[in-house]
Amino acid sequence: MIENYYRIIEAIFPFGWAHYVFMKNALIAIIFIAPLFALLGTLVVGKRMAFFSDVLGHSALTGIALGVIFGLREPFWAMLAFMVVLSVLINLFKGLTQASSDTVLGVFFAVTVALGVVILSKGAGFNKFTVYLIGDILAVSREQIYWLMGITVGVLWYWMFFGNNLMLISVNPALARARGIRVFWMETSFVIVLAVIVAISIRLIGILMVNSLLILPAAAARNLANNVREYTLLSILISLISGISGLILSFYLGTATGATIVLFCAGFYLVAALGAKLWRGR
Amino acid sequence: MQNSCAHCCTKIEDLGVDFGARPVLEGVNLHLNCKELLALIGPNGAGKTTLLRAILGEIPYSGKINFLVRSAQKQRPAIGYVPQKLIFDPDSPISVLDLVAASIRRCPVWMGVRRAVREEAKESLKKFSADGLMHRRIGELSGGELQRVFLAMAMNPVPDLLLLDEPLSAVDVNGLSLFYDIVTDLKKEYDISIIMATHDLAGIAPHADRMVLMNRSIIAEGTPAEVFRDKLMLETFQLSLWNISSLKND
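Chains as they are written, first to last, in the working numbering: chain H, 23 to 304; chain P, 7 to 256.
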C-alpha cells in the first residue's frame, strides 16, 4: 500500500529529497500527524488547555522511565499507559480541588518531569533518551505510519460525533450539561484522545516540540477565522504547510525536523496575529 | 400564579449543598408550577447560583428535586439554561450560527452548517430578535445580544424548566426591557416554569409571579409585594421605605 504513496510523492515532488525512502516516510507521517494536531489543537486553545498539553508532553519522561523500570525494550506502551492515566487523573483532580487549574497542573508538571529525570539519569544514562526530547521523524517506521493512519481515522470519527459537544463544553460547561451533554465523560474522552496522539508522536516530534505543534496552528488560525469551519480548516492548512515546509527545509539545513516545523508554525502565527491587528484595527 | 396547568411542576424538598465542611444551602423547600416565573433574589453569596446548579445536576446535593412533567414523573426534565455573564476572547472563532447549530444538530459544525440547520437556527434566533447576529463571532456581542442568543438556544427545543442565572448582569437599559418582554411572552406562550436569579429587584417585580428571598436558606417567599414588605428583606438589602413603595406590585 505504502508504495503507492511513494509514487504519488515522487510525482508531486520531483526533487532530490523525494528519492530517499526515509523522507517519503516522514512526509507521509506528517501528512497524517499535522491535521490531527491541528484538529485537537483547536479545542486545546479554545479550552485554554495549553498548559495541560504541555504537562502531558513532558510526562512522557516519566512514562519512558517506567518502561525502563519494567525492563521494556520499547517503552512506548508504558509511556502511553502513563500518559492516559495521568490525563484522566488531572481531569479528576481538577474537579476535586479548589486550587486553580494552573496550580494543579504546575504540581503535576513538577512531579512528572522530576520523577522522569531522576529515574532516567540513574547511572548517568540520560543521554540515550535525549532522542525523545527533540524527536526524529526521519526514523519513522512503516509500522508507525500504519498506526498513524488508523488513529487518524479514529480521531476523525470521534470528531465527527463529538466535535459539537466538545465545542459547547468549551463555551460553557453548565450550558452543555443543560443540553444533556455528559461533560465529565466528554472531557475525559478528549484528554485520553489527546494523550494517545501525543504519546504516539513523542518519538517523532520530541517532548520539547509536541505542545507547540498543538497550539500554534490553532492560535494562528484564530486570528483569521470567523467561524468554527474556517478555524478548523485554516488550522489544518497551516499545520500541513508548516509540516511539509519544515521537513524539506530541515533536510537541506540538516536541522531537527520537529523544531524546524515549529518555527514555520510560529511564523504563521506572527503573520496572522499582526495581519489581524492591522486588518481589524485592534 | 397564572394559568397554571397544575400537572407540571418542580418540587424541591429539604435541599442542602455543602462545599467541604461549609454549608452553602440548607433546608430549601420550593414548589414551582408551570407558567410561573419565580424570581430568586438575595445578596451575593446567598446560594442562588448554587441552587440553580443543583437543579441542573451539576453539583451533589442532599434532599430531593422532583419534576412532574406533563403528567409523567420524570427524573430529568428538559432544562433550558441561560448562564451568568460570560466573557469570551474577542478572537474566539465561534460564530452565533456555530453555537446554535451545534446545540440543535449533531452534524459537526466544523464541516460547515447545512442549509436546513441554518434555517432552523435563524428561526430560533428570530424569536429573540437575534437573527441579525447569526454570522457575528460570540466575542463581539454585547451583554444583551449574547443573552438573547443564549435564550434562543435554551428555548430550542422548548424546555420544561427554564433557568436564568443573573442573565442581566451585563445588559444595558434597552436590553433590560427587551429581555423582560421576551421572558413574559415566553411564560404566556409556553407551558414552562421559569426560575430567574437576579439582582434587578425593581425590574423583575412587575413580571414575577412569585419571589423568593434567600440567604443560604429561604428567608421570605410570596408575591413580590409580600416579599418586599418582609422585615428581613429590608435588612438584607437595606432598602428605604421609599424604595419599597416604588417596588410594590399589588
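A hint or two may mislead.
Here are the computed distance ranges between Cβ atoms for each label pair [as the list claims (entries may be wrong)]:
| hint | chain 1 | residue 1 | chain 2 | residue 2 | range |
| --- | --- | --- | --- | --- | --- |
| 1 | H | Val293 | P | Ser68 | 49 to 59 Å |
| 2 | P | Lys17 | H | Gly297 | 36 to 46 Å |
| 3 | H | Ala295 | P | His205 | 14 to 24 Å |
| 4 | P | Ile93 | H | Leu271 | 32 to 42 Å |
Hint data in this document are derived by calculation from the structure and do not stem from the laboratory. Fair warning: this is a prediction, and the values are worked out from it, not measured in the lab. Where is the CB? At the ideal position from N, CA and C, for every residue including glycine.
Hint by hint, work out which the structure violates, then give me just those numbers in ascending order. Numbers 2, 3, in rising order.
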